[in-house]
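Asker: As a plain string of letters, each chain reads:
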Amino acid sequence: MRGKKKFAILAVLLLILVMGFAGCSGGSDAGADGSAGDEPSAGASEEASADAGESTGAEAGDGLAPIAKENIKAAFIYGSAVGEEGYSYAHDLGREALANEGYEVTYVEGIPETEQFEKTVRDLINEGYNVIYATSFGYGPYVEKLADEFPNIYFNHATGTVTKTNLSTYMGRLYQSQYLAGIAAGLKTESGQIGYVASFPLPEVVSQINAFTLGARSVNPSATVNVKWTNSWYDPVTEKSAGLELVNTGSDIVIAYLDTMSAQIAAAEKGAWAIGCSTSGAKVLPDVYLTAPIFNWANFYTKNVQDIVDGTWKPDFQFLGLETGVVDIDPLTGNNADGAAEKVAAAKEAIIAGELNVFGGEIKDNEGNAKVPADGALTDEEILTINWFVEGVNGKIEAVSE
Amino acid sequence: MIQDIALFLQTAIIMGTPLLLATVGEILTEKAGHINLGVEGMMMIGAVTGFLVGFATNDPLLAALAAGMSGFLSSQIFAFLTVSLKANQLVAGFVLTIFLTGLANLIGSNYGNATLSSEFTQKIGAVAVPGLSRIPLIGPALFHQSIIVYLGIFIAVSAWVYLNKTRFGLSLKVVGENPSFADDAGIPVAVYQYVHIGIGGFLSGMAGACLTLVIVPRWQETVTAGMGWIAIALVIFATWNPSRAIFGAYLFGALKGLAFKFQGTSIEIGGASLSLPSQILDLFPYIITIAVLIAITLGKRRENQPPRWLGKAYFREER
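Listed in order, the protein sequences are those of chains A and B. Residues 1 to 402 in this note's numbering are what the first sequence lists, from first letter to last. Residues 1001 to 1319 in this note's numbering are what the second sequence lists, from first letter to last.
Among the hints, a few may not be true.
Claimed, not checked - Lysine-lysine pairs mimicking BS3-like chemistry, simulated, CA-CA at most 25 Å apart: (1) A:Lys270 / B:Lys1261; (2) B:Lys1312 / B:Lys1086; (3) A:Lys314 / A:Lys69; (4) A:Lys69 / A:Lys164; (5) B:Lys1123 / A:Lys270; (6) A:Lys364 / A:Lys348; (7) B:Lys1312 / B:Lys1173; (8) A:Lys164 / A:Lys303; (9) A:Lys396 / B:Lys1261; (10) A:Lys314 / A:Lys164; (11) A:Lys314 / A:Lys343; (12) A:Lys283 / B:Lys1123.
Hints listed in this document are in silico derivations from the structure and should not be mistaken for laboratory results. Keep in mind it's a predicted model, so treat the numbers as computed, not measured.
Using the sequences plus the hints, can you model the full thing?
Answerer: Below is the structure:
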C-alpha cells in the first residue's frame, strides 16, 4: 500500500511539474512567436555582435559613435502585449516602419517595470543590440542604471525624465491631439456630457483629460467631461463597467485613455458615440466611432535612427507636437457633426503655426481657482507635473502611490 | 434618479452573471469535498474557446457548449490529480490556473482584433421583454437582459433543487461530509467527485465565455482579471448555497459599478471633505467575504458550515 501511495505522489509531482512548465512556456511562447519573424538567423546575429564589439573597441574613448545602417540592431521593449490597438501597438507600428526600411529590429512585450526589464535589456545587449527603445515610464531607474553601465549603447526612453550622454527621452504632445478630439466631441454631444475613462490620476493622464476638456469647451462652453478611474492600465471588464456607468448617467460620448476599447464598446451598445485612443478605432466600431488622438511613432523612430547613422543623434528631451507628425488626429469619420472636420483642421493648423496654445489663455481649475492668467500659458514643466483638473471636468484626483 | 438606479441594477446583474455561473459550479465541486482553485484558469480557457467557436460558427449555443466542454476537460485534469492520485487540492488547482491562463493567452494571441458578427451579438445580446421592461426601477434589470442572465438564474435554482430535493444531491452532500460513510452506504464516491468537479468545470468554462461573448464582448488577454478568485470567495459568501449565490453574485457585480458611482463624490464632515478612495471600494468583495467567513465560523449553524471533508483526500484503505 505504501509503495502505491509513494508512486502516486511521485506521479502527481511529475504532472504538476510538466503542467507548470507548459504554463510558463505558454506565456513566453506568445512573445517568442511574435518576434521570431524579426529575429536574424544565428549566423547574422553573431556577425553583427562581432561588428558592434569592434566599433566599441575603436571608439571607446569617444563614447557614442555613429553606427552604419547595416550594423544597427534596435530593440523595442513594451510594457504590455502589443495586441492590435493601444499604446504598445502604436510604438510597434514605428518598429515595423524601421523593419520595412531594412533595419534590423526586434521587440519584447509585456515586460514589467521591475528588475526583469534590466535583465531583458542585458540579454539584448549581449545579443548585440545597440539601440534600445524603452517605451514605458516606469523603466526609468533601470534605464538610467544601464545607460551608465553601457556607455556605447544608444538608450531612448519614452516619457522618461532623465537624460545622459547616451540616454535620450522622447514623448508626444498627445494633449494637442486630445484638444482636437475635444473639439469634435464638443460639437457632437447633445447632452453636453462626455465620459472619460482613465487609468490612474498621473500628470500625463490628467493633462490629456484637461486638454480634451479645453477643446470641447472651446466650441461648447457648457460641456462637462465626467472622469472615471479604473485604477489599472488593463482590465477590460472594469473598463466596460466604467463605460456603461458613464452612459447610464447621461454621457453620450465615451473616450478612454487606455489600451483597450472596452469602454467604447460599452458606449456603442448603449447607443452613445465613441472616441478612440492612441490608434484608430474605425475598424472595431465603424457605426459610432468619431475620431481618436493618435501616434505616428514611425516619424520619430525613422528620424532617430537616421540621426544615429549620421552621427547627429543628441541626448535630449524631445517633446514632439503636431508639427512633427508624431501625434495627430485620426481623420474624422462621417459620424461627426457637420463642420467638425473643418473646425478641427483649422485648430490643428493654428497649433502647428504656434497661434494657438492648448494650455494658454485664461484657465480655471474645476474648483473655480484661477490657474493661468489671460496672457499666460502653462510651461512644459507645468504640463508634465499637472495635478489639477480644468473647469468643466467632473472628477477628482486622488493621491496615487504609484 | 429612478432611471439611474434601474440602469445601475441592469449593469449589476449582467456583470454578476459570470460570477454566478462560476460560483454555482464551484459550490457543486466543493459539495463533493474538493476545492478547485482552477476556476480562474477554467474561465480563461472557456473564454478563449467560446470566443473562437462563436467567431467561427456564429452559433451562440455551440460556442457556450464548447466553452463548457473546455472547462469540463480541464477540470478532469484536476479530478485525476486529486481524486485518483490524491494530490494536494490547493496546489493542483493553483497550478491548473497558471497552466490554463498561459494556454488560453497563447491560443488567443492572434485574435485580439477579431470581432463577433453583429448577427451573433444580436442573438445573444440584451432583449427587452415588451411591456415588462418598462416597469420602473426593476424593469430593465429583470426584463431587458441577455439570455445568459436567465440561464444563470435557472442553473442556480436547478442546482439548489438538485442539492436539497433529490437523492443524488443528498448522496453528494454525504460524499463531501464524510466519504467513508458514503462508501459504507454504497455511494460511488470517486464517481460523484469526478462528475461534480466536471460540472464545476463546465460552468466555469461557460462563465468565461459569458465574458468574451456577451460582456466585453471580444477576446482580450487575461480577460478574467481575477474574476475566478472572486467566484471562489463568493462560495463562502453564499455559504455553499446556490440560491444565496444569486444574491451574492449580483451584489458583487453591483460593487464594481458602485465603485464608479462613489468616485468623485465626497462627504462633508465638519468642513473637511472626505472622499472614499476607489481602491477601498475595489477591496469590498474580499472584506465582505472575510467577514462572512468569520461570522459562519462563530455562528456554528449547521447548514452554513463548509463540507466537513473539504480539501482532504479520501484514502479508502486508511479508514
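Asker: Each hint should be assessed against the structure and marked as holding or not.
Answerer: Checked hints:
1. A:Lys270 / B:Lys1261: 18 Å, holds
2. B:Lys1312 / B:Lys1086: 9 Å, holds
3. A:Lys314 / A:Lys69: 17 Å, holds
4. A:Lys69 / A:Lys164: 23 Å, holds
5. B:Lys1123 / A:Lys270: OK: B:Lys1123 and A:Lys270 at ~16 Å, within 25 Å.
6. A:Lys364 / A:Lys348: Holds, at roughly 23 Å.
7. B:Lys1312 / B:Lys1173: Answer holds: B:Lys1312 to B:Lys1173 is near 15 Å, not above 25 Å.
8. A:Lys164 / A:Lys303: 20 Å, holds
9. A:Lys396 / B:Lys1261: 12 Å, holds
10. A:Lys314 / A:Lys164: 10 Å, holds
11. A:Lys314 / A:Lys343: Outside the cut-off at roughly 37 Å; violated.
12. A:Lys283 / B:Lys1123: The hint holds at about 22 Å.
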